[in-house]
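Undergrad: The chain contents come next:
Number of protein chains: 2
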Amino acid sequence: MPQDGPVIAVGPNPDPEFDAAITGGGGVPGPLRNAEGLVWIDSTSVPTDIPASIRWVQLPFAGIENFVDSGLLQKYPDITFTSAAGAYSTTVAEHALTLLLAGVRGLWHRETTWDPKNAAPRVGLLGGSTVAIVGAGGIGRDLAPQLRALGVNVIAVNRSGTDVTGAVVVTADRLDEVWSQVDHVVLAAPATAETKSLVNADVLAQLKPHSWVINVARGALIDTDALVAALKKGAIGGVGLDVTDPEPLPADHPLWSIPNAIITPHVANPPQHLRPALLERVEVNVRRFANDMEPLAVIDRSKGY
Amino acid sequence: MPQDGPVIAVGPNPDPEFDAAITGGGGVPGPLRNAEGLVWIDSTSVPTDIPASIRWVQLPFAGIENFVDSGLLQKYPDITFTSAAGAYSTTVAEHALTLLLAGVRGLWHRETTWDPKNAAPRVGLLGGSTVAIVGAGGIGRDLAPQLRALGVNVIAVNRSGTDVTGAVVVTADRLDEVWSQVDHVVLAAPATAETKSLVNADVLAQLKPHSWVINVARGALIDTDALVAALKKGAIGGVGLDVTDPEPLPADHPLWSIPNAIITPHVANPPQHLRPALLERVEVNVRRFANDMEPLAVIDRSKGY
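Residue numbers (our numbering), protein chains in the order written: chain A, 31 to 335; chain B, 31 to 335.
In short, the hints are calculated from the structure, not lab data.
Predicted model only: the values in this text are computed from it and were never measured.
One or more hints might be untrue.
Identical copies carry no separate label here, and so any pair may be met within one copy or between two of them.
[Unchecked claim] DSBU-like, lysine-lysine: derived pairs with alpha carbons at most 35 angstroms apart:
| hint | residue 1 | residue 2 |
| --- | --- | --- |
| 1 | 262 | 226 |
| 2 | 263 | 226 |
| 3 | 263 | 147 |
| 4 | 238 | 263 |
| 5 | 147 | 105 |
Please put together the full structure from these sequences, using the hints given.
TA: Pasting the structure below:
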């Protein structure tokens, strides 16, 4: 049997499913010595004693601060390291869509009797509405075409003005103009000094009484007190939060008792989705490596991600 | 003012917005006597004493069993009757997707405390799964591309084998082969003798423990007792029902107390969505009628829909 592909090792311990992903990508699973690539699948340790034959190492997370802090990338300056950035955006985008649809179509209210006259007014239509995705990176690139398929007009806001399929792109410096033009908002931006309390009382006042605000990014993007006040006076349609500030949300927090505040406890990317997403990314990156293409999500040592 | 278009009546009572839709389609709103077409916009009655001048009657629903059962179509064998099939499919498809996502991603369980370890196992991933749309007419044609945008493999089942964009089509005579191959099922078939109790104990036994069954069509498509039994023993993941059998679902029905049975009281196409959609369909069909084209959704008397 010809073994034309590069030998790729899995570490720290063997794993048949990752071997299969390597084979699927055109690589040859094999021991670390003499391997050209290393797929590191352990969340609690950092690879050491990497042989000189290794040219590429795949790390298992999108956020790889722990690996950066360990000095790994500096210790092996000639190796290309890749993170799993973007590999998990599919499930997070799907969660954002679920929260948005559940909100707009009234599923935040659990029916307990057959009362269509009471229920029908809660049932909105997402199709035909305008949705802003604020911070349109990997999650936004997944979400925009999904919304488009529902007939939604998508405005994607990002810093660089990078194209997003299915969306009209607005650069972040013009975000102020966006709030009053949209029906709903999905937050998918990283937590930085600039995005702290991005959705504050002033922004909430510009949204519509039927507007839903969805946050699958970081809790700090919303001024929680302003949000609670807006919800209590019916200024917006509701909120779907997978992340909160503070997080975890205390048991006595007022958000828990607001009917049109749907809260999921930071589970948009639950543990059971990690492994399949990483297997898929490994197969893709082995294929790229085997074909002398740059693998996805190469870590920039100067940026640390 | 020239009145070249056909005279179309609105019944049982006048309605200026429907008159405007008729005018928009190139017709002339007018009284029933001597009219060529009749747009029937009442949900609670059946037209009687239709004059011989009428060649076309537009009915206000997609599911027109009540009109069929009344004998209306047999009483006037020379009249072309059209249903509103397809006119409401956008909002119904969106509702089906909402129920499916809310089920698969665990939103049927309302979180009341921040407990990710407890919540995460309920969060499934629709992307990558296989979904059967059973009865892929207008709703299925809308839903299939929406599911495809989420990375779902869509199997569309219909009688004719008509192509459905985004789906692999299987003809209804091979439906038996489908159940065991899919993760989830969306029912969108008309209520006929053949579709009664289509989802019965035998079918439920072929589905997977994580399978969600969504019904936005007619309650009679599911054997409710078999469904309750399957849910109680955890044989399937859950059910999202916008229609039930019996309907209305009695207050003491066991489905109300099953947590993973999401019920909405036949509001996938709520009144506030109905009227704009019917107005649009009337305009389109008046235009087709005025131009000697077959109007949309002509009822086949032999099929009953």
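Undergrad: Next, verify each hint and record whether it holds.
TA: Against the structure, the hints come out as follows:
Taking the shortest alpha-carbon separations for residue 262 and residue 226, only the intra-copy value of 22 angstroms comes in at or below 35 angstroms, while the best inter-copy value is 46 angstroms. When the C-alpha separation of residue 263 and residue 226 is checked against a cutoff of 35 angstroms, the pair qualifies only within one copy, where the shortest distance is 23 angstroms, while the shortest distance between copies is 47 angstroms. In this assembly of identical chains, the alpha carbons of residue 263 and residue 147 lie at most 35 angstroms apart whether taken from the same copy (24 angstroms) or from different copies (33 angstroms). With identical chains, the CA atoms of residue 238 and residue 263 are at most 35 angstroms apart within one copy only, with a shortest distance of 13 angstroms there and 44 angstroms across copies.
Taking identical chains as interchangeable, the C-alpha atoms of residue 147 and residue 105 lie at most 35 angstroms apart only when they sit on different chains, with a minimum of 34 angstroms there against 63 angstroms within one chain.
Hint compliance for this structure: every hint is met.
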